[in-house]
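Protein chains in written order, with our numbering: chain A, 1 to 137; chain B, 1001 to 1137; chain C, 2001 to 2137; chain D, 3001 to 3137.
Don't read these hints as lab results, they were simulated from the structure.
Treat the hints with caution; some may be incorrect.
If the Cβ cut is set under 10 Å, some of the chain B residues that face chain A in the computed set are [claimed, not checked]: (1) L1016; (2) S1029; (3) R1036; (4) G1082; (5) L1083; (6) S1086; (7) Q1088; (8) D1115; (9) S1129; (10) T1133.
Quick caveat: nothing in here was measured; it's all calculated off a predicted structure.
Even glycine gets a Cβ: it sits at the ideal position worked out from N, Cα and C.
Protein chains: 4
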Amino acid sequence: MAKLVRFGVSLDQDLLDKFDRLVREKNYSCRSEAFRDLMRQELVQKQWHEGKEVAGAITLIYDHHKRELVNKLMDIQHDFGGLIISSQHVHLDHSNCLEIIAFKGSPKEAQRLADSLTSVKGVKHGTLSMTTTGKDM
Amino acid sequence: MAKLVRFGVSLDQDLLDKFDRLVREKNYSCRSEAFRDLMRQELVQKQWHEGKEVAGAITLIYDHHKRELVNKLMDIQHDFGGLIISSQHVHLDHSNCLEIIAFKGSPKEAQRLADSLTSVKGVKHGTLSMTTTGKDM
Amino acid sequence: MAKLVRFGVSLDQDLLDKFDRLVREKNYSCRSEAFRDLMRQELVQKQWHEGKEVAGAITLIYDHHKRELVNKLMDIQHDFGGLIISSQHVHLDHSNCLEIIAFKGSPKEAQRLADSLTSVKGVKHGTLSMTTTGKDM
Amino acid sequence: MAKLVRFGVSLDQDLLDKFDRLVREKNYSCRSEAFRDLMRQELVQKQWHEGKEVAGAITLIYDHHKRELVNKLMDIQHDFGGLIISSQHVHLDHSNCLEIIAFKGSPKEAQRLADSLTSVKGVKHGTLSMTTTGKDM
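Here chain A stands alone, though its shape is the one from the complex:
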């Protein structure tokens, strides 16, 4: 069990008011929980910048009727076999697919995979969610 510490933060009343409004809007039980999230967000970014092992998800939107596109996306994924854990496929409508690829590995490889997939001609939109493996967090 981690030891709980407490410290003070000095800041402008106006900034605190705005922040507290956000804390309520975002359903946080208290201000400290919101601060902890901000700090962890910074730590996750640090893991990505320093090349630590990270985790995340890539989303892709595409029309599955474009045959070459579908095959290209699958080839790229098999080339990154060590990085990718599994993917989830949702048929949004008769044409559009949402594919979500879960991965764990080096930030550089993850970025390269996301770039390779998103830049395939016909991919309508792609995002890269950068998160953590949860270790040391």
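Fit chains B, C and D to the given chain A structure using the hints.
Just chains B, C and D now, kept in the frame of chain A:
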């Protein structure tokens, strides 16, 4: 089949050089494909701001040993049953879980779901990937 | 809360011994729990035979290098858009894919989907898991 | 590219007629494709009996309001971390969940995992799909 148009863009040589380097780094087959992606990215943001039907993914990292946390996350997800399509669960190690929730619906509801999940005490990190249903894109 | 009832079952000692060994092997906490599972298994089969709304999963094993196969599988899935909830894709190795399709709907449609997918030339193996939506169980 | 061979099968006209009707019902393009599937089905069963590396999926139906159940299922899954690849979770309605667990590993371990999960008190129904990794098939 959409009609192909061509237009000119005036800009600084230096900016173009930097952009072209990025285009190569990101594996784009040509500069126009990279521009199309930037434009679509803007359109996706517009869909989110205007409250159109959108799609996306929420990632959560947490320790499954925290019982109340696990139950709380599942309750929230069942409360947003109409929004959530399915979720993918990866056991990163003996303690840490990566959960990826695919959704389709209103941006406001999606943001509210992401906030509700991320603010649960014990969630180490959460992200919200904002993408599109692919319609009108 | 459901009312608990208790009733007797007459049977051969030898059959009971064999069954109890199975109960232990399968980690059941007690014999009654094992009986409840057997009874529910019968009820699930009844739901499938009577055309009630059911749920389940289809697994497919195939080589993603076979282009026409991949496209065919995706077309079929989009044709059964109302039945399929989402699918999970695992890259088993550089060639082989495991795809798991979650569905909810009529048993007849589910069987038709499973048959359509499994019979595509190049699918190495397919299974259909027949389960329930959990209602009235 | 595998060499194509052809061989004859002697059988009763009546049996052939019944089988051909099934071939048409199941959407097979030709009788040989149906035979290949039957043969592969036997080979998959052989892999399971001989303890070769196999793949598959476990489906579980349960009410997520039963807290202990949810936690128990997650603990078991983390104990079989090496076997499980990922799982897919569908919220069927406000109470009922469909969870589909993809795995790769030894048949014995897979059976043990399926038994452990299905025998948890409160699991309404469980199935085990036995398929193959696609190697040597």
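Review point. Holds or violated: Q1088 (chain B) as interface residue toward chain A, Cβ cutoff 10 Å?
Key: holds (4 Å)
Review point. Do the numbers back the hint for T1133 (chain B), that is, is its least Cβ distance to chain A under 10 Å?
Key: holds (5 Å)
Exercise for review: Tell me if L1083 (chain B) is really an interface residue toward chain A, meaning its C-beta lies closer than 10 Å to one of theirs.
Suggested key: violated (13 Å)
Check your understanding: Any CB of chain A closer than 10 Å to the CB of D1115 (chain B)?
Key -> The hint holds - D1115 (chain B) has a Cβ within 10 Å of chain A, the shortest such distance being about 4 Å.
Review point. Holds or violated: is the Cβ of R1036 (chain B) closer than 10 Å to a Cβ in chain A?
Key: Given a least distance of 9 Å, the restraint on R1036 (chain B) holds.
Check your understanding: Minimum Cβ distance from S1086 (chain B) to chain A below 10 Å?
Key -> holds (7 Å)
**Study point:** L1016 (chain B) as an interface hint toward chain A, with CB separation required under 10 Å
**Key:** violated (18 Å)
Practice item. Classify the hint on S1029 (chain B) as holds or violated, based on whether any CB of chain A lies nearer than 10 Å to its CB. Key: Cβ of S1029 (chain B) sits 6 Å from chain A, so the hint holds.
Review point. At a threshold of 10 Å, is the proposed contact between S1129 (chain B) and chain A supported by beta-carbon distances?
Key: With a closest approach of 4 Å, the S1129 (chain B) hint holds.
Exercise for review: Could you check if G1082 (chain B) really has its C-beta closer than 10 Å to a C-beta on chain A?
Suggested key: Violated, about 15 Å.
Of the hints listed earlier, those the structure fails to meet are numbers 1, 4 and 5, in rising order.
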